[in-house]
Amino acid sequence: MIFTRRRSAALHVAILAAGIAAPFVFPAHSVQFAVFWIMVLFALTWDAMGGQMGYNSLGNITFFGLGMYICAITQIGVVYNVGEYTAANGAINVHFTPVQYFQGLTLGLVLAAIGATIVAAILSWVLLGIRGPYYAIGTLGVAIAAAELTSTWNWVGGGQGIAMPVFPGGPGMRERFFYFACFVAAILCYLFFRWLYRTRFCLAVNAIRDDEDKADALGLHTTRYKTVAWSAAAFFLGIAGALFGNMTGFVEPLETAYPTLTFGIFMIAMTLLGGKGTLWGPIIGATVFYAMREITWTYLLGWQYIALGVLIIVNVVFFQQGILGWVKSKRPEWFGVKVEEEEKPRREAARPVTTRKAANA
Amino acid sequence: MLENVQILTGAPVFNIQLLLNGISVAAIFALIAYGLGLVWGVTSVKNLSQGDMVMTGGYLAYELGKHGVHPIVAIVPVAAIMFVLGWIVYRIIIRRVIELDLFTSLLATFGMAITIQQSLNLIFGPDVRTLKSGFGNFSFFDGSVDITQIRIIAIGLCIVLAIAMVAFLRYSRMGQAIRATAQDPRAARVLGIDTDTVYALTFSLNAAICGAAGVLVAMVWVIAPFYGIGYSVRAFVIVTAAGLGNLAGVIVMALVLGVVEQYSGFVFGAQFQQATIVSLLLVILIIRRLALLQQRRSLQ
Amino acid sequence: MSDPIIEVAGVTKAFGGVVANRDVSLAVERGSITGLIGPNGSGKTTLFNSIVGQHPIDSGSIRFEGREISRMGVQKIARLGMLRTFQQTRVFGKMDCVENMLVSLPHRESGWLEMFRPYPPELVEKAEHLLEFVGLYSKRRLAAGSLSFGQQKLLEFAMALMNEPKALLLDEPTAGINPTLINGLIDRLKRANRDYGITLFVIEHNMRVVMNLAQHIYCMAFGKVLASGAPADVKDDPRVIDAYLGAAA
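Residue numbers (my numbering), protein chains in the order written: chain A, 1439 to 1799; chain B, 243 to 542; chain C, 3 to 251.
What the hints contain is simulated information worked out from the structure, not anything from laboratory work. Every residue gets a Cβ at the ideal spot worked out from N, C-alpha and C, and that includes glycine. One or more hints might be untrue.
Stretch by stretch, here's where chain A covers chain B in the computed footprint (C-beta under 8 Å, at least three residues) [said to hold, decoys possible]:
1) 262-272
2) 326-340
3) 360-373
4) 512-524
Straight line, CA to CA, 30 Å or less: simulated DSSO-like cross-link-like pairs of lysine-lysine [claimed, not checked]:
5) C:Lys78 / A:Lys1766
6) C:Lys78 / C:Lys96
7) C:Lys128 / C:Lys192
8) C:Lys78 / C:Lys168
9) C:Lys96 / A:Lys1768
10) C:Lys237 / C:Lys192
Work out the full structure: start from the sequences and follow the hints.
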């Protein structure tokens, strides 16, 4: 089963069709499906930094929360005074006309994406030269600090949080709307990284991952790549956060916006599970992880997070290549990789050598 | 915030309180950081679950306390249990990630951190717990400055443990083997040192240290399933600033951290604790970076 | 007519208590092949590291094409056109040879938008051409990490050529290479120097290679420059002989 262009196109269409049909076939699960697409986005964005570039950020969730808050503030701010709204602790019930709501939402999404991107660019500069474990713990610290600082900032609701504007439209419509919003976000994210990994960017960041000092010695502008990678990830994470905040209807710093110990970890776990450093690895990982999570949450209640921790350990220790990596090693032909290249040098000039197709169809 | 600063300048005696508090927490931080640095230096594993191992020690003492064991007495059995647990964890997990790349070992310990946190949460519930040591307070300056006796005892115990560790590393054969392995594992192997045992011992020793520290933490403050990460970050800050194998630096940095934390908690409010520590971490990381650049630029 | 492309003047570098380079001064002529010899521990690799900006120097001056570079970092110096190869060969193990070559493109003129372009076929062709030059064409689609040590050295050399440097500092290029292949390497080094105009500054322990290759040699010992001159002269210089014998004793 080689991944020819036709098979790959068929796969894409199938997923697209399934994605479009899902909320209509299983309307009660719309929100869960929406979260699934957010997970895919999580995995893809984390992989860009961690898998492709080797900069394992433990705090990418910062941009998720940032986007969420920026969007929330914008949505409320265009109609009402944010400080008063949050101070009233939900007592004020602002009426948003549909036009106001969607304008606010659109503007909120745009600002969330831009805001997150700018913060990522700044953080790249702040954390410049910090690598490896220091980078990991530094980013983790940033996420923890973000959660804490937000909890103390009363203007954005402090620890109490912000109640989001109500979606204008019937109950079913709301779920469907945000499902498709998340679906589209995930698709855009996928398309972006699919394009990006076909440019010079991909090899350059892989070089940074494999040997950053060597990349330096060749004159690569490593700083530029790091900034772009993180900013791109932040862009999509900001959007995801904005959507998620609206979906849950309530934005709160520790559990919703900056869940370092849940979503923040899921990002990493999913990517590792599926196979980091590939385009489809994170997607596969997100799918499997999500399915497993849905199952274990019902049957292993109370134990699910322990299972998560164990999963990470097992993955890291015994199964580093992830699902995609494992499949590649068992069936390299599927990915167009020729295993043996024992060609005689003398005959070489005449015979063209088979090229390697990228695993990303 | 400003009023708090005014209190400090207006009534200097409060500074003494903060300093004393800072020093007492510093002792425990230093111990935890020392263990982290030990494992890091010898095995190159950056143990992100350090703080959670500390919590485990505290909870073990709590369990023993339910059977009537006084916390201070519990330190020995807790350390022993943690040693064994550390050995088991080494055999199952750490041994396999030592020779692998940086992030793999980091993630493995991160996974351990999560597993431990959630296990503690499941077993003991999310509430904070503390251990009553039954000691009283010392009071100075007509009650303006107050320090619980247990803190003094904790400082003493930390010093004892630190001296024991240093003596062990310097004078015992195994200690020398550990130091040799830290410098060059391959050379150590060539000399016939079983590096696997050295690694196991180092990790288990660290676990024991964490266990003891955990009991102290439970007595001096509180323990809770998710508080571990704060200690991990603090230990990391200290080790990063002090460098590996630098016990004096660890102590100094721990003191700085302890005092800064107390002051910032007083002036800015306790809610900013994590943010303070993280800011300190980032500042240290950036300073390290800048120092290197500065060295470049300072040439004529 | 003297046209030094690299000028090292009074460079001192110490690590802790050990003075690795003590007041070292030398000059590498543009377009030449210059050798750097000396017993182990004489400070050769440290000097290389200082020149390419791997670490700052304690005092002295290093000029590349007349420009002071002692305060610059590795990246910037590489973009100015001075590269080095490593003693423990460094290539990107997980990528194949062609990809290693593509990453080694010169980045001098790159703007921010360059990174978003794909690699045009001409560049792939150039990469393959250079791989052929070093004799790795048949292995070009294999992962670099799976090559033998000698092959990785050749790849590293090819990557350096791809980067179009003006000067290339080679740290023991023939170490670990099968003796029968050394001639081929010497030949390629000479061709790179002649056809591409790349100045070569080579650390070498293999006397036969140095005599064959270099036009001018510096000998270092105990962190200082001991002797300099044409290969034949330096080889017979009693101080040089002493240094090697002394180090062996």
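Consistency of the hints with the structure:
no.: 1; hint: 262-272; verdict: violated (count 0)
no.: 2; hint: 326-340; verdict: holds (count 3)
no.: 3; hint: 360-373; verdict: holds (count 4)
no.: 4; hint: 512-524; verdict: holds (count 10)
no.: 5; hint: C:Lys78 / A:Lys1766; verdict: violated, 38 Å
no.: 6; hint: C:Lys78 / C:Lys96; verdict: holds, 26 Å
no.: 7; hint: C:Lys128 / C:Lys192; verdict: holds, 20 Å
no.: 8; hint: C:Lys78 / C:Lys168; verdict: holds, 14 Å
no.: 9; hint: C:Lys96 / A:Lys1768; verdict: holds, 18 Å
no.: 10; hint: C:Lys237 / C:Lys192; verdict: holds, 21 Å
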